[in-house]
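> Listed below are the residues making up each chain.
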Amino acid sequence: MKPQTKGLLLDTTRCIGCGACALACKERNKLPKTSDDVLKDELSDRTYSVVKQVGSRYVRRMCMHCVTPSCASACPVAAFEKTAAGPVIYHESKCMGCRYCMIACPFGIPKYEWEKKAPLVRKCDLCADRLAQGLKTGCSTACPTGATTFGDRDALVAEARERFRANPGRYNEHVYGVEEVGGTSVLLISDGKAEELGYPAGLDGTAPAFLTWRVLNIIPDIVMTGAVLLGGIYWIRNRRDEVEAAEGSHHETPKEH
Amino acid sequence: MNAMPKLEVPRFTFWRGVLLVILALGTYATVIRFFKGLAASTNLTDAFPWGIWIGFDVLCGVALAAGGFTISATVYIFNLEKFRPIVRPAILTAFLGYCLVVVALMFDLGRPWNIWHPLVMWNPHSVMFEVGWCVTLYTTVLALEFSPIVLERFKMTKTLHVMHFIMPLLVVLGVLLSTLHQSSLGSFYLIVPTKLHALWYSPLIPLYFFLTALTLGCAMTIVESFLSHRAFGKQLEMELLVPLGRVALLILSLTAVIRFADFRHRGILGLPFQATYESRLWLAEMLIGVLAPGILLAIPKVRKHTTGLFLAALLIVMGVIMNRMNVSITGMERSSGQIYVPALTEIAITLSVVGVGFLIFALAVKFLPVFPDQEMKEARPIVIPEGGNLVGQPLRSLPVPALVVVALAFFGAVALGADGVRRREVAPGPPAPTAARPALAAALTSFQPTDVVFPKAPDSPGPVTFSHSRHVDATAPDCVSCHGDGTSFLGRKEAAPAGLMHDAKHCGGCHDGTSAFAIDADCSPCHKAE
Chain A
1 MKPQTKGLLL DTTRCIGCGA CALACKERNK LPKTSDDVLK DELSDRTYSV
51 VKQVGSRYVR RMCMHCVTPS CASACPVAAF EKTAAGPVIY HESKCMGCRY
101 CMIACPFGIP KYEWEKKAPL VRKCDLCADR LAQGLKTGCS TACPTGATTF
151 GDRDALVAEA RERFRANPGR YNEHVYGVEE VGGTSVLLIS DGKAEELGYP
201 AGLDGTAPAF LTWRVLNIIP DIVMTGAVLL GGIYWIRNRR DEVEAAEGSH
251 HETPKEH
Chain B
1 MNAMPKLEVP RFTFWRGVLL VILALGTYAT VIRFFKGLAA STNLTDAFPW
51 GIWIGFDVLC GVALAAGGFT ISATVYIFNL EKFRPIVRPA ILTAFLGYCL
101 VVVALMFDLG RPWNIWHPLV MWNPHSVMFE VGWCVTLYTT VLALEFSPIV
151 LERFKMTKTL HVMHFIMPLL VVLGVLLSTL HQSSLGSFYL IVPTKLHALW
201 YSPLIPLYFF LTALTLGCAM TIVESFLSHR AFGKQLEMEL LVPLGRVALL
251 ILSLTAVIRF ADFRHRGILG LPFQATYESR LWLAEMLIGV LAPGILLAIP
301 KVRKHTTGLF LAALLIVMGV IMNRMNVSIT GMERSSGQIY VPALTEIAIT
351 LSVVGVGFLI FALAVKFLPV FPDQEMKEAR PIVIPEGGNL VGQPLRSLPV
401 PALVVVALAF FGAVALGADG VRRREVAPGP PAPTAARPAL AAALTSFQPT
451 DVVFPKAPDS PGPVTFSHSR HVDATAPDCV SCHGDGTSFL GRKEAAPAGL
501 MHDAKHCGGC HDGTSAFAID ADCSPCHKAE
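In the order they appear, the protein sequences are chains A and B.
Heads up, the first sequence is in our numbering, so the first residue is 1 and it goes up one at a time.
Heads up, the second sequence is in our numbering, so the first residue is 1 and it goes up one at a time.
Hints are supplied without guarantee of correctness; some may be wrong.
[As the list claims (entries may be wrong)] Here chain B is said to cover these stretches of chain A; the calculated rule only asks that three of the stretch's residues, wherever they fall, bring their Cβ under 8 Å from a Cβ of chain B:
id : segment
1  : 74-87
2  : 116-124
3  : 147-157
4  : 188-200
[Said to hold, decoys possible] Chain A side only, calculated, beta carbon under 10 Å to chain B, not exhaustive:
id : residue
5  : I16
6  : L23
7  : L31
8  : S44
9  : K52
10 : H91
11 : E113
12 : T141
13 : P144
14 : F164
15 : R165
16 : P168
17 : N172
18 : V215
19 : G226
Keep in mind the hints are simulated off the structure, nothing from the lab.
Don't be surprised by glycine CBs; every beta carbon is placed ideally from N, CA and C.
Same shape as in the complex, but just chain A (with noise of 0.2 Å):
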């Protein structure tokens, strides 16, 4: 299946490091101010969005949106969704706390509300409600470069190759989130290695959620194959048993086989 979503497309070259993408974020989700510089916030239950100064760079990190996210796949109550509008949204009152998608994120991207009594698991949802009112993103909306460029994923794809045509040695020419994970609907170019600005290094090809699923559906064939087996060796034991009493008695013949 070919996703036709929505996304992001972030350009560390084009970065200004105003911080108008994460307090537009604020703005939108009603989160309180956490820091007194823009740049020095980290990403937290109260704060989905952030730019950080990598070396000589701006970049951002937030939720990537993944194609086939890990947090979906590891949720046990199916309380994250990857909607066909691209943004991978929290069904919170599902949420039974057990905190696995954040250890299955490869981005670790799920913040936990650990001062609460009632706690929820809170991360970017690229504006679904935005999306769905055939609005921008909060962040896309505030960004005034062009740092941060919404569309769908696709052309937003195109526009990445486009750019690297265009400008001949000013990329580092890979996407980042075309392949990465199975692909993400926030992708990322760069001057540099994503790598080298933050982003978590070895992911493949693969998204994490099938080297999961590749197990789980052979559990169906363990159940059969082993229901089969232990009755076999259960069935097989005990007839020796019934055989050698009978025989022991010789008060009845066995039984038939």
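With chain A held as given, fit chain B onto it using these hints.
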């Protein structure tokens, strides 16, 4: 069946005192956990969301209960009747273990009142969903497997008859469910190939979890038999336990061979010998849990020696505990960028869960027919020699090489562990910001500030068009100076209330007559008449 023992005031002993202290601390920690929340009661963080309540209470708890399915399969399915005397203690331990795992989970879950959700809100793609179902079903099966003990106690013969009839079915079901979720606890980690250290991450991790649970099932039965022997004066059935030791050795060796092949296949045979935190702890795990017990069990004289067998089984138990803790904590630390040390409240809860387990087991043994009575006592009693230690034959009667192995394993593991912890470090983060502000030339070519039109309010002279390009220094744009404190990024739909935009948080902040022209009687510079 003996008459119910008379209730008497328990004597105060050292271990009862310890239990009392632990339970008191546990009660305090419980209050903190449920009245103050997870932040106050744990050292868990966003980067390290699973601690010892999952690593020890759940992962080890379930593994330690593996004796239940190992022994019930041996007796009911493989029809090895001689093991029947230890079925009941094994099933009781498993049942207790699972109940306590659920109790511990209630502490760890952020919303424990939703623990039933996986039963109605399905996600068949989730390992946790599968484990939830397996554990629920298996705990039910264990309760049913355990029920004859209670039924006997209250002489409910008819129901007892039905239970005996369906027992083989229950056991088959129990073994299948155990196989599934023992391995699935390993499958939890399949989804984190980039987070769990390569020494423990393997596509075969479900198989490792299952095989180590099997080994542990044998070892736990041995350990429990010895402890029951010591605590309740039960007979030691060495002719049952020695074969269990042999089976444990077999599975231990099989697992070791598979692990070697797996490491070779993944090209990481050299990894355990690097001087890192993880490698040291991996070696300690292998030394304690595989190498030392393997050597001990391979020597017939040691295997048949009560203390020797007990020590080997104890080493296996410690090894599997180390394995689960290494997978859930040691192996996850580096990628999390953080070092996790459990809070005292976390430790208090964990100890209390274990303590409650011992307490209920002791009470069950006292009031229910868990251990076989008369006829088993007559069969081959083991005579504990004079000067025997807690588990029978004295330590000094063990062959010297065995003692050396135990000592080396113990001190070796401690030394490796200590050296490992000394080397503990976390993954380096991204490069620190350079002092200089990044060159903006490239970025600024795409700076595209737009005009914003503020619609006319009823009492306003006219709409205002705000020009970003006239207000922002394109060579050093600073969005936050206006937007950081009240001015929307996302725009208003309707006109601002009268005077709002004039205040110090909005236009008035700069248009004060000093930084920029003041807002005064003349509206026309900003408000354009329509």
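> Does P144(A) hold up as a contact with chain B if the rule is Cβ-Cβ below 10 Å?
Holds: closest Cβ of chain B sits about 5 Å from P144(A), inside 10 Å.
> With a cut-off of 10 Å, does the beta carbon of R165(A) approach a beta carbon of chain B closely enough for the hint to hold?
violated (16 Å)
> Any CB of chain B closer than 10 Å to the CB of K52(A)?
Hint on K52(A): holds, closest Cβ of chain B at ~8 Å, below 10 Å.
> The segment 147-157 of chain A covered by chain B? Criterion: 3 or more residues, Cβ-Cβ distance below 8 Å.
violated (count 1)
> Under 10 Å, Cβ to Cβ, is where T141(A) needs to be relative to chain B, so tell me if that hint holds or is violated.
holds (6 Å)
> Close enough to count: is the Cβ of L23(A) nearer than 10 Å to one in chain B?
Given a least distance of 6 Å, the restraint on L23(A) holds.
> The hint names S44(A) as touching chain B; please verify it with the least Cβ-Cβ distance against 10 Å.
holds (7 Å)
> Using C-beta distances, would you say chain B covers the segment 188-200 of chain A, given that this needs three or more residues below 8 Å?
Coverage by chain B holds for the segment 188-200 of chain A (4 residues, Cβ < 8 Å).
> When I compare C-beta atoms, does the segment 116-124 of chain A have three or more residues closer than 8 Å to chain B?
Since three or more residues must qualify, the claim that chain B covers the segment 116-124 of chain A holds, with 5 doing so at under 8 Å.
> Return the status of the interface hint for L31(A): holds when the least beta-carbon distance to chain B is below 10 Å, violated otherwise.
violated (13 Å)
> Is the interface hint for V215(A) satisfied, with its Cβ closer than 10 Å to some Cβ of chain B?
Because about 5 Å separates V215(A) from the closest Cβ in chain B, which is inside the 10 Å limit, the hint holds.
> Against chain B, is G226(A) within 10 Å by beta-carbon distance?
For G226(A), the interface hint holds, since the closest Cβ of chain B sits about 5 Å away, which is under 10 Å.
The structure does not agree with the numbered hints 3, 7, 14, 15, 16 and 17 stated previously, though it agrees with the rest.
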